[in-house]
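For this one, chain W is given, so just place chain Y on it according to the hints.
Keeping their order, the protein sequence lines are chains W and Y.
This note's numbering puts the first residue of the first sequence at 44, with every later residue one more than the last.
This note's numbering puts the first residue of the second sequence at 44, with every later residue one more than the last.
Bear in mind the hints are in silico, worked out from the structure with no lab data behind them.
Be a bit skeptical, because a hint or two may be false.
Below, a list of computed lysine-lysine pairs in the DSSO-like style, where the Cα atoms sit at most 30 Å apart [said to hold, decoys possible]:
(1) W:333 with Y:314
(2) Y:314 with W:243
(3) W:142 with Y:54
Rough simulated footprint, nothing fancy, chain W against chain Y, three-plus residues with beta-carbon under 8 Å [unchecked claim]:
(4) 56-68
(5) 72-78
(6) 243-249
(7) 947-958
The model shown is predicted, which means the values in this text are computed figures rather than measured ones.
We put the CB at the ideal spot given by N, CA and C, even for glycine.
Protein chains: 2
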Amino acid sequence: MSSSFQSIILKLQNFWADRGCLITQPYYTQVGAGTMNPNTFLRVLGPEPWNVAYVEPSVRPDDGRYGENPNRFQLHTQFQVILKPDNGNPQELYLDSLKALGIDPRQHDIRFVEDNWEQPAISAWGLGWEVWLDGQEITQFTYFQQMGGVALDPVSVEITYGLERILIALNNAKAIWNEEYGAGVTYGEIRRQEEFEHSKYYFETADVERIRKMYDLFSAEADACLAENLIVPAHDYVLKCSHMFNVLDTRGAISVAERQAFFRRMRELAKRVAESYSEQRKNLEYPLLKESGTRHQVSSNKPLVTKPQLPSHFILEIGVEELPASDVDSAYAFLESRISDFLNELHLDHKDIRIFTTPRRLTVSIDSLSPNQPDREEIVKGPPADKAFVGQIANLTYTQAAIGFAKKNNVDVKDLEVREQDGGKYVFAVVKQKGKPTPEVLQEAFPKLIESVKFEKSMRWNDSGVSFSRPIRWIVALLGETVIPFEYAGVVSGNLSRGLRPYGSPEIKIPSAEKYLDAIRESGIVLDKEERKNSIIEQVKQSASLVGGEAIIEDGLLNEVANLVEMPTAVMGAFNEEFLQLPRDVLISVMKKHQRYFPVQNKSQVISRKSDQTFDLQPSTLLPHFIAIRNGDDIGIDIVREGNEHVLGARFADANFFVREDVKLKLEEYRPKLATLTFHAKLGSMLDKSERVAKLVDEIAPMLSITSNQLPMTQRAAYLMKADLVTQMVTEMTSLQGIIGGEYALRSGEQKDVATAISEQYQTVPKTKIGLAIALADRIDSLVGLFAAGLAPTGAKDPFGLRRAAIGVVQPLIEHEAQFNLLEVIKKSAKTQPIEVTDETQKQILEFIAGRLSVVLKDLGYKHDQVEAILAEQSANPAACVWSLNQLSAWVKREDWQTILAAFARCARITRDQKQIFPIDEKLLVEKEEKDLFAEVKIISSQPFSVDGFLKTIVKLTPAINAFFDKVMVMAEDQKVKENRLGLLQRIVQKAEGVADFSKLEGF
Amino acid sequence: MSSSFQSIILKLQNFWADRGCLITQPYYTQVGAGTMNPNTFLRVLGPEPWNVAYVEPSVRPDDGRYGENPNRFQLHTQFQVILKPDNGNPQELYLDSLKALGIDPRQHDIRFVEDNWEQPAISAWGLGWEVWLDGQEITQFTYFQQMGGVALDPVSVEITYGLERILIALNNAKAIWNEEYGAGVTYGEIRRQEEFEHSKYYFETADVERIRKMYDLFSAEADACLAENLIVPAHDYVLKCSHMFNVLDTRGAISVAERQAFFRRMRELAKRVAESYSEQRKNLEYPLLKESGTRHQVSSNKPLVTKPQLPSHFILEIGVEELPASDVDSAYAFLESRISDFLNELHLDHKDIRIFTTPRRLTVSIDSLSPNQPDREEIVKGPPADKAFVGQIANLTYTQAAIGFAKKNNVDVKDLEVREQDGGKYVFAVVKQKGKPTPEVLQEAFPKLIESVKFEKSMRWNDSGVSFSRPIRWIVALLGETVIPFEYAGVVSGNLSRGLRPYGSPEIKIPSAEKYLDAIRESGIVLDKEERKNSIIEQVKQSASLVGGEAIIEDGLLNEVANLVEMPTAVMGAFNEEFLQLPRDVLISVMKKHQRYFPVQNKSQVISRKSDQTFDLQPSTLLPHFIAIRNGDDIGIDIVREGNEHVLGARFADANFFVREDVKLKLEEYRPKLATLTFHAKLGSMLDKSERVAKLVDEIAPMLSITSNQLPMTQRAAYLMKADLVTQMVTEMTSLQGIIGGEYALRSGEQKDVATAISEQYQTVPKTKIGLAIALADRIDSLVGLFAAGLAPTGAKDPFGLRRAAIGVVQPLIEHEAQFNLLEVIKKSAKTQPIEVTDETQKQILEFIAGRLSVVLKDLGYKHDQVEAILAEQSANPAACVWSLNQLSAWVKREDWQTILAAFARCARITRDQKQIFPIDEKLLVEKEEKDLFAEVKIISSQPFSVDGFLKTIVKLTPAINAFFDKVMVMAEDQKVKENRLGLLQRIVQKAEGVADFSKLEGF
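Excised from the complex, chain W in its bound form (with noise of 0.2 Å):
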């Protein structure tokens, strides 16, 4: 029997009811998320403990669909619960109420997949899950870590339900418009119509003049009721501006940069609600902590109940609840270079360490661990021995010094013995340690191991303090049979593990160590990665073959789907040929990052992909066909195909939706909507930019050698180049800018170089030399505007990545071997730019980018103090660069390389702190050997000269130099005689401007 959309939310709030939620109503402002209503963003602050349970109807705008998509909307319903603090069991919990609505887990595919949670809007951020259903995003799952900018204490567990998609997924359905809403009337009946019109009125209608000024009024109030302390009436003006934010954004009218802005003033006016509410409830002793704080007390450790005496195998498993993927690896990679040294620290012998990681546990197993620490000797030294005794020689006796350091090493006085070392004498003490008995050693010594696991984002959970990836939530440590008892995180060590998540985590004892991988194995669970790949890929493989195609296994994909599952299980799911027609990389990059499914594709059309050339205009060879990897068993399997199917199908609708939509004009037709766009208070329009980039374009062309075939071309991509960025299917998968661009020019009929060209401008390195002019101008655009408009990249703080767009410059230029003066073309863009860039700012610029190329060089191989050299002269153009220290570097490995430096040097380092330059006299030559070099100089061609040609020269100076510095007194006391010395050298030394700054290089 099918489910309906009112059973669900009823038999929810029963539950958790039951489970002692205060149940409450949704909020009465429109919000984007469960998370926004106070009952959430304000009770998730302090210590109080704050369990509940709501609706809560989400709006956003910006995803609209008409009423067309299947699973897309609006307004969805969420379904949101907090337990503040953790209970111990959330997850558990969780699936319960999965089951209370008919979902049984064995006949699905539930997933933990990662999900870092971050909210900017409201300074809030936390860890923990989306929750998949068969492919379906069911759930959010989150462990706050802060809100409002306030760190919390308690963690709150954060469980928000999909509604809708959870109807879906229960009725097997493929959208949502024909299920029950309740009392026999569907959900479309109830909310299609006012879908279409909300999604008209977000995209279309919405005056952006008068959503600004709601904005800018409700802000105001927002502040006004903060001066007077009114918390909750100032957080709900908050969340009318977030939601008059969204409605600009959905209508396309906020730009890049306007967006920081817009998020800056949120996040002022939401930290200012949460620290006064903080506040307040401090002030107000925390009524709702009613019970003493029974904070966490740590359980003293069991005792051991029996011993090992002999080796014996040793299992560490610590359970933990799901890890994103990087994670698993990252935690392999720590226990894997880590144990082998814990173990020698700790004195305890043993044969073969294996590691072992799984999403959710981590397993460290050791063979013959030793059941004891050998008893060893240890020579502590004490204090002079002049200050051990006192007395005569004959009758010595021991100090204070002598008799305390005795006690405190636990030898007798009379053992300590006296020893010279570093020239004087002392006395030593020799230690003689008792080994312990591992379990006693290791007891100790995890609790600090499992504390050293770092992660690249760790969380708290309960209030133990402690930081991990995820939550552990058990802990196996055994030693043959031997429990070694601790503590870690508020979890006791024991012989207990868990089974599947499919099959609801059953425990699993484990009656001896030797038997823990049989177990493991037994109970279903893959434990060894590698096992889990080569798995995946022959399942993967054998059902591609069953279409007559080909999966596409990215390396980094089969990686990540390995860390996502226990018990890998292929399952392969068909899609709606049309969706063929969708540009290929749409179909994917849907596939793969959203979904994490292997796509698959006609074997005898295959094509090489690098990750960095994404864009390929060829016809897609895809095959409607896509696998997706399972955690568990085949029972269900068609159940879980159906779900995946009607995920992928809603998810491709959406792309269609937005493809259908956008082809109705033409690119060239968007390239006006770019006004909407800001970039930049102070620099515009996106519009405007591109405009900028047009005329760059043309100044910049020469200098690409492009052809006057080319050139037209060159402008017209320049011309159409962000377009795409106004269109629905960028506004919607950001990553898919300049290839959705290039994609819509084909469709558009333009050439297919300029699609080309549109296509590649994101790249770090544009393969065309079209592609390669726009995307350095857009580039250079970018710095010169935003440098000059004061936002120049400080610290860590890079918001416009302005870091990238350098690198952008110096690696494609290095790569295509352009020669290119970067500071004439920041002249040139700074002439374009709508305010003034000083000369000061565009030195500033150009270092800005030395500075990239110089990191770009080093990761070449380069020499650092070779780098700096050339730096110093050519950094305006970073192909020259690469050339030049080619050379250079050649030189360097020369055997005589110090003789010509030095010559060089010699005359660099006498001539380098006089303030001009001199002329050379020649009646003032005196000596033979000044004659001679000036002899030399005078021949020496004005041309500039490469690091070749200029060390070429100096080889060939260099006697009469060395010559000229045995017998010439440079310094003479006719101060023009000296002047005239000083004006040869310098007329040696000049030749190497432009070239490199030798004084850099070492040995100068």
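Relative to chain W, chain Y alone:
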């Protein structure tokens, strides 16, 4: 065991879900009531069925009490149910839902108290009730008749539970704050701080300018949505406008005049939304109209089983849902006057007719109703005899006309008779009518009888389309033991009545009409209203005497209460003595108007009270007790008492809150705030008005013979008179304006006379001169200003109450016998107005006042012609009119009146068409009679006359006048002589100016 707030919600959701309702969610925009949610506002439109239930947290800013009131808050939680169409027993369903919550109707007093719901802002109305639980309003129950200006078909039943109050009642609590919300947390812990903050925001912090701007923006956005036919988004903005309006109102920033404009605008938007939605659903072909319209089929009347043979007792009982008290009376009056005629028209003999009415039944009892109509003859006139026959006199044959006539009347053509009538000969048919059995006659006649019962407001409820005061749910129609079977409004008559509401309205089988009264009495119902009244009086008196007091029993209240119950039982309760410090009028007003309680006062200090003298500055003699009348017996009477005590306590706490807040400032300090209250856009603020009135009072005072001692107090009273309009107490209970001003004036240390005058200002006739002066100034200022602004009343429309103002000018002048010159005062007021008041307008104003004066005078018993005669000359001085009318009416009663009037008339008629006044040249007097008349005329006083003076003069002149007309030819051929004679008569007629226009008198 006490209930929790959330358990009530969960139970109601489950209850209504089980009864086929959709369960939806609160709306995501602040609404004042669940009615505004589109699931009500839109879905009740059109023919589609719709059954829905949802929670709606409802925001009413001006109900904010900073969390200090036990049951009044700016946010209260509604549970809204819509049943469309009416399912036939919505009240029973509702009462079942209360049982599901644990409210046993036998333990409580549950009442359905008339409530004519109207929401002008959305052009909606309906009829129904407030449901009272032990005196507490816990639910609104309405049959919607119109929404957004669209008439509803079918009608929807709306049930709106007030959840906070239900929880208070369920837990027999004094206040909501310490009751459990759920999960061990109290309502106060969750909401009280927030309640404080929002109250403060709405009353103090909200920025009026910004809120106005928001209103304008929302309003413009609503227009934009409507232009695109985006109905739900438009509705959303209408709701936002409405909330902004409420905030402005709470800030005291909206004047009466502005309010109208706001309402107009919101109404217009709401109508457009409703109309567009109706259109849209029609175009969609009403998707929810799934079953083919099974509209109600009128079932054919059942055949009679037995027919009585002898005169029998007859009973008709129309069983209804609770009627409004006034409808109980009007139905009584109608039936009382109608039934006898009704039976006569039906030719049915009978003896005594008695009518009984209660809130739930209208009963007609007839003694000895004949079982049959008598047989009877009727003479029907046919065609003229000469058209009826053709042929020779001896051989007449019938024409077709005659044959047709005979056939039509069902007589043999040969039986036609020829008779004379009106001087012509016609054929006549003697139609013999066989008397029908009474049941047959009544069966046909009753539907029409019931249809003819009219009410001030009536409603439809089901698809019969019938209108009645409230739904008809059963009909008893018994002649002896025989049911008279008919159907009306979808109800089939029978012999089943229903018992008392608190007993669950059990079915009562009425064995025969004779036994009806006993059966009803046995069921506990007091059918006779006088009996109910007497019972109430007796119980109330007895109760009051228990506390040594005396109940204040006003007829109006007694009558109303007697119409609210079928079984009256008095319940005496007490309230906190501290509330006795509140103004007596506030206390009485709350008890009487809001709660229908009888107040109790100290026996020794009874003060007589007339309806228009509701103000008394004597210290209150009230006792802290009240007497409520419960419907039902005394089971659970203590619960009922406590419930009523809590309700009254909360209401007094509310008043106390206002008074306490208000008296923090002196009355004088409120005056400047009048600047924020717009009187009218063209006429400035209430402060501006107040200043004009103060000026005008200076002019008026001398006319009212105000002494120089009184003058400063008069000025002070005028200065302060409007200040209370911006106090919270008056904002809350507008009916107490003036009274509160007086009270606060005393508390602010003003002189008693000043306070009294302020308190009297809204009485039609203030008792004191000072009160009179300021009231007149106020009313005249309104009349002058608003007429000048073009807002004179038109037709039935009088939004500013100018008719009442005009009556309030003339009535007190009459009662105070104050000589006054209205024209002069209007002129003076005109000079103070900010806009031009033309002479024409001033004349209109005077005419308008005269129109009211005319009505007042006729109401006083003066004859129409005399009133018109006096008003024609003295309308500017109402008191003088009365004085003059008294004299005139005495004259008219004289026996010689016709002679006196005739004498004057002779002078007046002949001169009245003359365009000019002719001089008298004594030398041109020829005849003796004209010389004599002239001699008499010469000595008439030149002083203005009274009616008496003038008519005495006429009496004196009469012989001379008559002699003059008998002998002298006025219209002489000599023009000069003629004009001289006319001039002489004109002197006489002129003297009537300023006295009366005697030509308007009867007999002139």
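| said: Against the 30 Å threshold, does the CA-CA distance of residue 333 (chain W) and residue 314 (chain Y) hold or violate the hint? | reply: violated, 52 Å
| message | Tell me whether the statement that chain W covers the segment 947-958 of chain Y is true, taking a Cβ distance below 8 Å and needing three residues at minimum. | response | n = 0 at 8 Å, threshold three: violated.
| task | Would you check chain W against the segment 72-78 of chain Y, counting CB to CB pairs closer than 8 Å, and say if three or more residues qualify? | result | Check passed, 3 qualifying residues.
| At a Cβ distance under 8 Å, does chain W reach at least three residues of the segment 243-249 of chain Y? | The restraint on the segment 243-249 of chain Y holds, since 5 of its residues have a Cβ under 8 Å from chain W and three suffice.
| Has the segment 56-68 of chain Y got at least three residues whose CB is nearer than 8 Å to a CB belonging to chain W? | Since 9 is at least three, the answer is holds.
| Between residue 314 (chain Y) and residue 243 (chain W), does the CA-CA distance stay at or below 30 Å? | holds, 22 Å
| field | Straight-line alpha-carbon gap residue 142 (chain W) to residue 54 (chain Y), limit 30 Å | value | With a Cα-Cα distance of about 23 Å, the restraint between residue 142 (chain W) and residue 54 (chain Y) holds, given a limit of 30 Å.
In this structure, the hints that do not hold are numbers 1 and 7, in rising order.
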